[in-house]
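**Q** Protein sequence lines, in the order shown, are assigned to chains A and B. In case it helps, my numbering puts the first sequence at residues 1 to 156. In case it helps, my numbering puts the second sequence at residues 1 to 509.
Treat the hints with care, since some could be wrong.
Claimed, not checked - Below, a list of computed lysine-lysine pairs in the DSBU-like style, where the Cα atoms sit at most 35 angstroms apart:
1. B:356 - B:253
2. B:431 - A:117
3. B:247 - A:117
4. B:294 - B:492
5. B:356 - B:101
6. B:139 - B:356
The set of hints was computed from the structure by calculation and includes no laboratory data.
Letter by letter, the chains look like this.
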Amino acid sequence: MSDRLLGLVLLVISGVFYWQTSFFRRPQFAQLEGMGPEFFPRGILMGIAVLSLVLLIRGQGSLLPSWRLGSVRALFTRYREVVLSLLLFPIYAWAIDQVGFLWATIVYLVVMQLLLKPRWGRDLVYVVAGSALFSWALVMVFEVYLHVVLPSGNLF
Amino acid sequence: MLQYLIAGFQTAIEPGMLLFTVLGVLGGIVIGLIPGLTITMAVILILPFTFGMQPAEGLTTMMSVWVGAASGGLVSSCLLGIPGKPSAVATTFDGFPMARKGEPGRALGLGTWASLFGGIIGWVFLATLTPLLADLGLKFGPWEFFSLIAFSLTIIASLAGESLVKGLLAGLFGMLMATMGTDPMLAIPRFTFGNLDIEAGFDFLTVLIGLFAFSQLMTDMEKRRQPEQVERIKAPNVHIPTIQVLKDIWNTKVGLLWASLVGLWIGIVPAAGGAVANVLAYDQAKKVSRHPEKFGTGYHEGIIASEAGNNSVSAGDLVPTLALGIPGDAVTAVMLGALLIHGLNPGPLLMSTQPKLAYGLIAAYLMATVFTLIIQLGLMRLLVRLILLPDHILMPWILVMSAIGAYTLNNRVFDIWVLFGFGLIGYFMVKHDFDLPPFVLGFLLEPIAEINLKRALQTSSDLSLFITRPMSGIFITLAVASVVYYFFSGMKRARGSRPEVPGGDSVTN
Chain A
1 MSDRLLGLVL
11 LVISGVFYWQ
21 TSFFRRPQFA
31 QLEGMGPEFF
41 PRGILMGIAV
51 LSLVLLIRGQ
61 GSLLPSWRLG
71 SVRALFTRYR
81 EVVLSLLLFP
91 IYAWAIDQVG
101 FLWATIVYLV
111 VMQLLLKPRW
121 GRDLVYVVAG
131 SALFSWALVM
141 VFEVYLHVVL
151 PSGNLF
Chain B
1 MLQYLIAGFQ
11 TAIEPGMLLF
21 TVLGVLGGIV
31 IGLIPGLTIT
41 MAVILILPFT
51 FGMQPAEGLT
61 TMMSVWVGAA
71 SGGLVSSCLL
81 GIPGKPSAVA
91 TTFDGFPMAR
101 KGEPGRALGL
111 GTWASLFGGI
121 IGWVFLATLT
131 PLLADLGLKF
141 GPWEFFSLIA
151 FSLTIIASLA
161 GESLVKGLLA
171 GLFGMLMATM
181 GTDPMLAIPR
191 FTFGNLDIEA
201 GFDFLTVLIG
211 LFAFSQLMTD
221 MEKRRQPEQV
231 ERIKAPNVHI
241 PTIQVLKDIW
251 NTKVGLLWAS
261 LVGLWIGIVP
271 AAGGAVANVL
281 AYDQAKKVSR
291 HPEKFGTGYH
301 EGIIASEAGN
311 NSVSAGDLVP
321 TLALGIPGDA
331 VTAVMLGALL
341 IHGLNPGPLL
351 MSTQPKLAYG
361 LIAAYLMATV
371 FTLIIQLGLM
381 RLLVRLILLP
391 DHILMPWILV
401 MSAIGAYTLN
411 NRVFDIWVLF
421 GFGLIGYFMV
431 KHDFDLPPFV
441 LGFLLEPIAE
451 INLKRALQTS
461 SDLSLFITRP
471 MSGIFITLAV
481 ASVVYYFFSG
491 MKRARGSRPE
501 VPGGDSVTN
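Whole structure, please, built from the sequences with the hints as guidance.
**A** Shown next as structure tokens:
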């Protein structure tokens, strides 16, 4: 994304947030007070809007991105691991709620290590064992030593 | 002050505290020497383990990790030629050439001992300046605090990154994110979009884990796709020639002192921290050296300057953090968050209301510096093998540690989602050349800025008080000066730079 497009996006975001400040509810006792809950955020948003305008006017690059099929493919090749990791992490967060921290973590670790190094061969056994041991050790440290109860999952 | 410092040392040398110091330093060195793991990440990863500890124990552990990690980066700088972290970039300039010449032990020894002396020089100033600054801070009213925050944000925006506009945008965007939740004075929900979880606001440390740990891992993952030729110095039986190293350091005493003072100053001024300090210290040491032409060829003075600078910077960072509650960089921001978690109120009152803890931390800094030397010298042969840990195992483990760190703050899975969200924001910012420290500082300081501005205006609507009150006026002047300096230095750079080759690649993402 070019700086100019970025400036435009930030300007829109600041506009949306500014509009949201008009929905802040004020309690009765603060009706006469000059500095309500919207006072400070509005000041920040005005600053963001001004700087976004500077970026929009003086920034480099084209306002409209040029997409080609080839460039999208090249981007995916470059960002394959990042994209897949970004997809896997929310699934992991969701799975913690469903099956609990221990099982979600073991599976997540195995899948992530397979993603980052697909060819493990016989070492796959060590990956599974290592992931299980690391996850179990974490549960032990946090639940036994630090007395932090980790999620056990809605399904269990 | 002296009696408090003695009491601090009495706390720091208790067996339990010593154990946490040693473990913290060891953990910090291990994390520090693995390329790609930053000091901020080291402190963040260790944070959840400190929740079950007493405040003094937890904070000492984090401080020890910080000190250890600051020094640990030199191993990969010297043996791989890859700076383990931004604060060890300049160590690579001479550390790697020296190791290639067949003296890896000398390079590592110089870095280790220079870290100790840099840390000690920094500590002297930490112990003397912090109480003085805290006393001054007690005289601050809302005008001074607001002006100090304005100064902190402008200077970090102008010094930390390439673009002032993007630096300021990052700072303001961080402030905007901090307003999400409940108004600090009227307790009215703001920008919650109907979500009850957001009403409590975003936990600062979750935001920090997302911004620094998560986004850093995504950046590292992207780099795995770019093949790079790494020459690895084989040093399985590395030997440190201590006598020669100490002679080298004695002969470089002026350069070491100067580099330490430069690092200390960079730390005290809210700016880019160790990343800037080591390069600036290296540059300054080159200027005062009798043999500047030897820098970059495996010269001992280069390693000493960089390592002394990047260790004294930690002490400098701690001065405004402990004295005023204003963090100098991301690591001290985590420390500040840890203080809040343990129910302590960072600010000028910390030194007077919790002297045992505050001075205990100052004492622990020195203990950690000494233990760093002992552990590095004793375990160097073992430590050099750890830089071989494969990233395809480390990365998933760190992601899990980040998730558990976020969860344990409030025992809710929602915080893992917040971590993910801010991880995405952080990654996006890095990809578009926005610096993360201004965002973090903005996020952390927003409530203090808002409360103090409102208090100031409720006390008196006279805006000129921000300039006419002496200390507030100084901070406002400095804030304006930092912006003016940025523009002048930018114009100077533009005049000095050669015209670009037509059709050449632009350096943008």
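**Q** Next step is simple, just say for each hint if it's right about the structure.
**A** Right, here's what the structure says about each hint:
As the CA atoms of residue 356 of chain B and residue 253 of chain B are separated by approximately 34 angstroms, the hinted pair is consistent with the 35 angstroms bound. Of the supplied pair hints, the one linking residue 431 of chain B and residue 117 of chain A holds, its CA atoms being roughly 24 angstroms apart against a limit of 35 angstroms. Of the supplied pair hints, the one linking residue 247 of chain B and residue 117 of chain A is violated, its CA atoms being roughly 47 angstroms apart against a limit of 35 angstroms. Between residue 294 of chain B and residue 492 of chain B, the direct Cα distance comes to roughly 28 angstroms. Compliance with the 35 angstroms bound is thereby established for this hinted pair.
With a CA separation close to 49 angstroms, the supplied pair residue 356 of chain B and residue 101 of chain B exceeds the 35 angstroms bound. As the CA atoms of residue 139 of chain B and residue 356 of chain B are separated by approximately 22 angstroms, the hinted pair is consistent with the 35 angstroms bound.
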